[in-house]
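**Student:** Chain residues, written in single-letter form:
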Amino acid sequence: MKGGPIVNDLVIAGSVSSPAVRLDAKRGSMELSGESYPQNAFDFFAPIMDWAHQFLRERPDPLLLELRLSYLNTSSTKCVIDLLDLLENAYRIGRSVRVTWYCDKENDRAREAAEEFREDVTFPFEIRLTGHVS
Amino acid sequence: MEKAALDLYSLRKSFMDGEVLICFNGPFSHSIIEEIGIAVKRYLATETASRSAVSDVFAVFVELAQNMQSYTHRLSGVRDEAGLDAGTLAIGRHGEKYAVSAGNMVDRSDVGGLSSRLEALRSMDKPGLKALYKERLRAPRPAEGGAGLGLIDVARRATQPLSWDFREIDDRYRFFSLSVII
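Chains as they are written, first to last, in our numbering: chain F, 1 to 134; chain D, 135 to 316.
Extracted from the complex, chain D is given alone in its bound form:
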């Protein structure tokens, strides 16, 4: 064989070493989100997870996946470049807890706003997050989706501070990844 095919075994091994239960990479659609959601609940129900924990993992998954879907859709709608429409999402174990991680390309110009929002959420305690959530629930609807509320909900359900990274890809894009421990 000329070019080695994808090494599925090492891909699988890195998932298993990282205790990843479910992973998806590619363009998100609503039906894919529904299907992964069903799988998430089925998986976690067979583990010993409490219904509250299943709810939290599922909710964080839905908010992150819907945020990614709307952002990547907008970005790839503006520029037709490879990889902009793809999101990467993984749900796995993290010791006794669960981790939901999501990553996608972002325009460099969006980094500042996003990171200051995340910093603000990280500095708030649970009552502060609840107050902010309730305030935003009654704010006028933003033109593009409801991304503001989604991240607050995610921060409220997290049991550890949110962690994220912007990896430099080129002069235009960064790869944004966010990890939520539940």
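Excised from the complex, chain F in its bound form:
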């Protein structure tokens, strides 16, 4: 495993079909923004999942997930569900985790998608409506 024994920051530049990623160990925050329909979503999300696992294992601090994803294809949706399941399990054993999901207030479909993700979790999950985000 790369990354060493101490969780490091991870920054991935965005592309047309993959979100910009900023995982900040000191702040305890994970930010993903953009559209997500990469060639292989599982490969794309693997280091993000690994980072979350490592953070929760090594740090006692709260973890915040901030998502500004204007579109996710079905493979990316599955990956985000996996990430939310990981946070849910951490929450159930007493960790402080929360999600803020930003979506375009004029796009009902994006808001409905965010609400569907929220249906499956019990930790704090805020949907914030904003201007056009992509």
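Everything labelled a hint here was simulated from the structure, so no lab data went into it.
Among the hints, a few may not be true.
The following residues of chain D were derived to be distant from chain F, with all beta-carbon distances above 10 angstroms [said to hold, decoys possible]:
| no. | residue |
| --- | --- |
| 1 | 184 |
| 2 | 190 |
| 3 | 249 |
| 4 | 254 |
| 5 | 263 |
| 6 | 294 |
| 7 | 305 |
Facing chain F, a subset of chain D residues (Cβ under 10 angstroms, in silico) [as the list claims (entries may be wrong)]:
| no. | residue |
| --- | --- |
| 8 | 171 |
| 9 | 193 |
| 10 | 203 |
| 11 | 217 |
| 12 | 268 |
| 13 | 283 |
| 14 | 286 |
| 15 | 287 |
For glycine and all other residues, C-beta sits at the position ideal for the given N, C-alpha and C.
Take the given structure of chain F and dock chain D to it, following the hints.
**Tutor:** Frame of chain F; chain D shown alone:
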């Protein structure tokens, strides 16, 4: 001239008569999907389409194109025959709505499974599709791509029942085409 070159005018005319906005025929790559995706959004944004409608057309386009890319890639990887790697995709107007259509060669042995999945989706209402989608989201990952989820998502975004056809090409292949109205 000996052999007439491609009659671009009649090709263009059939696109325009069919109210096709964007059409692509050939092997799909990830970068082609990205480029067409950008064009789709730009086109629809200049029309009066709502952001939800643009989202739905774009999402259906991405799922169908990625499904086609992975299936045609698999099929042409097994057999090196002309046309197996090509997909045909068209996005156009359909009255007040939009239509996204996709077609590619399929092995005859895949027809049964695909058509029973499509029949099942066509018989379900929106809450049933949502329940199935959520169930599949938590199912173990299939070995080859996530094609199961893609068609459910497409069916959820469609405003009319899905329609499809398997055209007989020879004893081995059928041309599968699927049309989604949004």
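**Student:** Should the label of residue 190 of chain D as a non-interface residue stand, given a Cβ cut-off of 10 angstroms to chain F?
**Tutor:** For residue 190 of chain D, whose nearest Cβ neighbour in chain F is about 6 angstroms away, the distance does not exceed 10 angstroms, so it is violated.
**Student:** Classify the hint on residue 217 of chain D as holds or violated, based on whether any CB of chain F lies nearer than 10 angstroms to its CB.
**Tutor:** violated (23 angstroms)
**Student:** Can we keep the residue 283 of chain D interface hint, with Cβ of chain F closer than 10 angstroms?
**Tutor:** Cβ of residue 283 of chain D sits 4 angstroms from chain F, so the hint holds.
**Student:** Should the label of residue 249 of chain D as a non-interface residue stand, given a Cβ cut-off of 10 angstroms to chain F?
**Tutor:** holds (21 angstroms)
**Student:** Would the non-interface assignment of residue 294 of chain D survive a Cβ cutoff of 10 angstroms against chain F?
**Tutor:** It holds; residue 294 of chain D is separated from chain F by about 17 angstroms at its closest Cβ, greater than 10 angstroms.
**Student:** So is residue 254 of chain D really clear of chain F, every C-beta pair being over 10 angstroms apart?
**Tutor:** Answer for residue 254 of chain D: holds, closest chain F Cβ roughly 17 angstroms.
**Student:** Close enough to count: is the Cβ of residue 203 of chain D nearer than 10 angstroms to one in chain F?
**Tutor:** holds (9 angstroms)
**Student:** The output says residue 263 of chain D does not contact chain F. Does that hold with a beta carbon cutoff of 10 angstroms?
**Tutor:** holds (12 angstroms)
**Student:** If I take the minimum Cβ distance from residue 184 of chain D to any residue of chain F, is it greater than 10 angstroms?
**Tutor:** violated (8 angstroms)
**Student:** Given a cut of 10 angstroms on the nearest C-beta pair, is the interface hint for residue 268 of chain D held or broken against chain F?
**Tutor:** Holds - the Cβ of residue 268 of chain D comes within 10 angstroms of chain F, reaching about 8 angstroms at its closest.
**Student:** Would the hint on residue 286 of chain D be counted as holding, given a Cβ-Cβ threshold of 10 angstroms to chain F?
**Tutor:** holds (8 angstroms)
**Student:** Using the nearest Cβ pair, does residue 193 of chain D come within less than 10 angstroms of chain F?
**Tutor:** Holds: closest Cβ of chain F sits about 7 angstroms from residue 193 of chain D, inside 10 angstroms.
In terms of the numbered hints stated before, the structure departs from hints 1, 2, 11, listed from lowest to highest.
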